[in-house]
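Colleague: In case you want the letters, here they are:
Number of protein chains: 2
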Amino acid sequence: MAEHGGNIYKASRISGYCQDKILDFSANINPLGLPFLAREAIITNLDGVVNYPEPGNPRLVSALAGYHGVRDERVITGNGATEIIYLTIRAVNPGRALVLAPSFSEYCRALNTVGCRVEFFQLKEEAGFALDVEGLINRLSDEFHMLLLCNPNNPTGTVVNSDDMKHIIEKAAELGIYVMVDEAFMDFVEDHDKYSMVKCLEDYTNLVIVRAFTKFFGFPGLRLGYGLIGSNRLKLIMENIKEPWSVNFLAEKAGIASLNDVEYIKKTREWLGSEKIYLFKALENMEGIKPYRSSANFILSRILRPGMGAGKLQDLMLQRGILIRNAGNFQGLDDSYVRLAVKSREANRCLVQVLEEILKSEASGDES
Amino acid sequence: MAEHGGNIYKASRISGYCQDKILDFSANINPLGLPFLAREAIITNLDGVVNYPEPGNPRLVSALAGYHGVRDERVITGNGATEIIYLTIRAVNPGRALVLAPSFSEYCRALNTVGCRVEFFQLKEEAGFALDVEGLINRLSDEFHMLLLCNPNNPTGTVVNSDDMKHIIEKAAELGIYVMVDEAFMDFVEDHDKYSMVKCLEDYTNLVIVRAFTKFFGFPGLRLGYGLIGSNRLKLIMENIKEPWSVNFLAEKAGIASLNDVEYIKKTREWLGSEKIYLFKALENMEGIKPYRSSANFILSRILRPGMGAGKLQDLMLQRGILIRNAGNFQGLDDSYVRLAVKSREANRCLVQVLEEILKSEASGDES
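Taken in order, these protein sequences are the chains called H and D. Quick note on numbering: the first sequence equals residues 0 to 367 in numbering that gives the first Met the number 0. Quick note on numbering: the second sequence equals residues 0 to 367 in numbering that gives the first Met the number 0.
Hints should not be assumed to be uniformly reliable.
To be verified - 27 Å max Cα-Cα, derived DSS-like pairs, lysine-lysine:
#1 D/234 <-> D/165
#2 D/9 <-> H/234
#3 D/165 <-> D/123
#4 H/9 <-> D/234
#5 H/234 <-> H/193
#6 H/311 <-> H/123
These are calculated hints, taken from the structure and not from any lab test. None of the values given here were measured: they were computed from a predicted structure.
Taking the hints into account, I'd like the entire structure generated from these sequences.
Modeller: Listed below in structure tokens is the structure:
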């Protein structure tokens with residue numbers, strides 16, 4: 000399995016820092032932590048774990064349907080967005096699929112488990128990794144069974160607006176291609192209504208939207224995601240092959256509670272609105288690194304120092320207690336890329352300071 | 000999906016009883032509730048949910064390996080035993096499999112998801128549903144790729160000793176058949192060392208043992224199970240196709256803590272030792288029902304009243320706030336069977352009283 004971000008356990012063993020002393024910029028999680036209402040729900044419902052969760056999680060399904068203004072029948076819950084990704088791929092069972100490069104590596108891994116042939120559509124660095132919508136549409140053919148998009152895209156943070164997305168999905172529909180749009184980071188996008196496909200769900204039977212819960216609401220450890228499925232038939236197949244009780248009881252309760260935590264949602268938008276600008280500008284003004292514009296809560300950046308790869312930078316940062324994501328293992332990127340999550344001002348300031356020091360000292364050429 | 004036990008949510012909607020007022024005999028869960036150390040671990044580690052769980056759960060793996068006296072490399076963790084069952088079946092990918100009837104219905108469902116042809120080996124009522132070991136061995140042939148056993152078997156409670164099990168597994172090995180032994184209820188068995196295959200794990204590369212965590216330790220809502228895998232190659236395939244982060248952080252912490260809760264384990268054995276005898280004798284002395292001897296924490300029983308099926312009995316019991324498992328949907332059983340979990344003395348007494356009343360009043364023939 001490709002190494003993901005967020006492994007503070009391994010980072011702690013390597014660096015000698017306690018887990019809770021490590022500043023983790025490698026996972027794209029809301030730094031505001033567990034919403035107050037979610038914490039309350041977990042504690043209140045602790046004794047409920049002596050029962051099985053309710054099959055299909057109908058209460059959570061209703062809460063999500065209400066939140067998005069879709070019908071209950073459209074919603075399927077999962078043990079993280081990961082379960083929905085794997086389940087969709089098993090249900091579609093594609094023979095050939097098209098995936099963006101770079102993009103979240105689990106699409107490829109999940110496609111491999113069903114023996115699918117994967118082709119890549121490369122995002123271009125010159126374009127800041129923005130998706131070439133026309134190019135993608137031209138690339139589609141009836142040889143593909145599935146197209147996997149991530150919007151905003153991980154790790155680039157680039158976003159496609161819903162009009163462009165409609166063109167893609169319509170062309171795919173003509174060709175009999177299912178489109179999975181992973182909106183795991185959509186809640187972090189300003190004006191996300193312009194980009195999310197949720198409101199178009201009823202229009203496309205070839206559309207599957209994947210949503211994560213635990214990135215925006217800050218509890219990836221509890222595991223909660225969901226899918227919004229445009230096709231009744233595909234949804235039925237997914238239900239038929241889905242493992243029972245996959246969403247644990249506390250995740251369900253925390254999920255329902257979080258949707259009502261208006262205060263948390265508001266604070267999150269305020270935090271990200273200012274902090275992303277702060278971090279981006281600091282990176283832009285720094286020598287030796289180039290950040291790419293992002294619509295999500297993370298910033299892909301390229302290291303411009305000769306002799307300094309992402310692996311080396313990651314090691315040096317970790318020696319200072321800061322964990323960053325080496326993005327070199329994303330298909331279509333190389334060892335010059337890192338991904339940095341946006342965190343609190345205090346943490347971001349610390350990141351900027353340490354990064355600047357390391358890039359400067361390495362530039363002075365100690366090791367030539 | 001076949002209806003399982005433990006759906007107190009649906010039972011509550013049907014009966015009008017509050018969920019926590021329903022006495023649930025339909026799920027086979029330890030009535031002692033959440034172990035003290037598990038509860039403490041959940042509360043202490045609550046803030047850890049802001050991080051991803053550690054991939055592969057190495058700490059839990061080590062704790063389980065120590066508990067069972069096996070090497071870490073043998074252990075794989077899962078989102079309930081269910082994930083291990085589905086994962087094993089996906090990894091083996093059998094074309095034809097042999098399953099006991101009656102037995103846990105998810106084997107069949109999981110086999111169906113990979114397009115496997117399923118054949119059944121019927122357990123005989125006359126034998127109290129004890130497995131005919133010689134008969135099973137004779138039934139094996141190299142046309143089968145997989146044999147799925149449940150020990151003790153759900154819903155019959157019958158158990159196979161480890162010598163008999165070895166004969167089965169050795170014959171299967173000769174024929175190239177993987178054997179999955181689901182020991183989800185093994186912890187409840189007296190002298191379980193005589194029955195569990197854990198100590199033979201290193202001897203058989205065609206052996207997969209499935210263990211549940213949350214039945215014995217009373218937290219099915221948190222979801223935790225694991226597999227002990229005899230074959231390095233199969234384990235590697237399982238790891239390659241397994242979804243990342245499938246075990247949530249709180250389940251991991253509660254699991255590690257539970258293994259150390261010696262007091263809870265001792266109390267559980269004391270409770271079951273006396274209560275199973277109490278409930279069995281009460282059922283044996285009752286007119287209109289026949290209990291079968293069980294080595295687990297539940298008792299399969301046959302209703303002997305004409306005109307009284309399991310569905311009807313379930314409805315009548317639920318009107319009194321008691322949920323029992325209609326076992327009529329198990330392959331190989333019919334509408335005359337119910338499965339009753341062993342609970343606390345107070346609850347068992349209540350079950351016995353209500354059951355007796357219903358069976359008596361129906362025998363008096365009100366509805367003729």
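Colleague: Decide, hint by hint, whether the structure agrees.
Modeller: Going down the list of hints, with the structure as the test:
1. Annotation: proposed proximity of residue 234 of chain D to residue 165 of chain D holds, straight-line Cα distance about 21 Å (limit 27 Å).
2. Note on residue 9 of chain D and residue 234 of chain H: the hinted pairing holds, with a Cα-Cα distance of about 22 Å set against a maximum of 27 Å.
3. Our distance criterion of 27 Å between C-alpha atoms is met by residue 165 of chain D and residue 123 of chain D, whose separation comes to about 22 Å.
4. Taking the CA atoms of residue 9 of chain H and residue 234 of chain D, the gap is about 22 Å. The hint holds against a cut of 27 Å.
5. Our distance criterion of 27 Å between C-alpha atoms is met by residue 234 of chain H and residue 193 of chain H, whose separation comes to about 26 Å.
6. Restraint check for residue 311 of chain H and residue 123 of chain H: satisfied, since their Cα atoms lie roughly 25 Å apart, inside the 27 Å limit.
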